[in-house]
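A.B. asks: Sequence:
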Amino acid sequence: MAEEPKTPSESASPIAEIEHGPSKFEQFLDRNHKKLIIGASVLVLAISGTYLYTELQKTKEENAGESLVSALNQETPEAAAVELEKVIQENSGARASTTAELFLALAKWRSGDQENAVQLLETFIAEHPENPEVGTAMVKLANFQIELGQTDKAKATLNSIISSPNAQFAAPYALLALGDLAVVDGDKEAARGFYNRIRKELPNSPTATASGSGFRGMTQDVIGERLELLDIAPPTPFTPEVKPEKKEGSELPPLPTPPAPADGGATPED
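The working numbering numbers the first residue of the sequence shown as -6 and each following residue consecutively.
Derived from the structure by calculation, the hints contain no laboratory data. Remember, it's a predicted structure, so these values are computed and weren't measured experimentally. From the three backbone atoms N, C-alpha and C, an ideal C-beta is built for every residue, glycine too. Just so you know, nobody snuck in bad clues.
Across the chosen pairs, the derived CB separations fall in these ranges: (1) E83 / K181: 46 to 56 angstroms; (2) L141 / P228: 23 to 33 angstroms; (3) K181 / T232: 19 to 29 angstroms; (4) K79 / E182: 45 to 55 angstroms; (5) E234 / E78: 52 to 62 angstroms.
Produce the entire structure from the sequences given, and follow the hints as far as they go.
C.D. replies: And the structure:
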């Protein structure tokens, strides 16, 4: 017996049947709306906090920078040192505060507090090895040590400049200074080695060539000049003749001239 055809109402439900209840997305929002609101609030607070922190840091850096400039404009190194200490104490963590530490060492040196200046530079180098100013601090320290006659310490500092990746701009100066110290020690071959290292290891350095502006304004072939000086024989020592000092009144008075004898007259011996 054949099946009777089904009416449209009895056929399968349409593929795109429209649901009349709340959608799954709406159901998700209904179940999690509190969590979503909290999450959005946290996100907004995080963004606001980051912005506020950035602005505060910016303001802090600007204030510290202004204080640093004011300290450097003092009329005397003693007054500058006082103001620089305030910058360091009141702006901890700011870049200007770190820079103030370096300038404080220079102010102490200029005011005559040389021992403290050296200690401040040593501390700056130890605590800020990645700071862009560490090379300058090391050069200053070497200069101070040389002026104080601390030659061995100066040599150690100069060698540290050569090996430090953050002080390579000052490496030509360090080699030059080590060569000069070797000359003072009378070791010309060691000096020659330091001078030649600048040309071999740092051939593009203005210090090694006749053009450009090298470290601390070296604009000529200083290496060539020093190598030429090494080949010049030292002058023969000259010792001036020392005459005995004459004492006043120590010379005898001149003898009187005897009278000439008369013509045909006998001499006193006759």
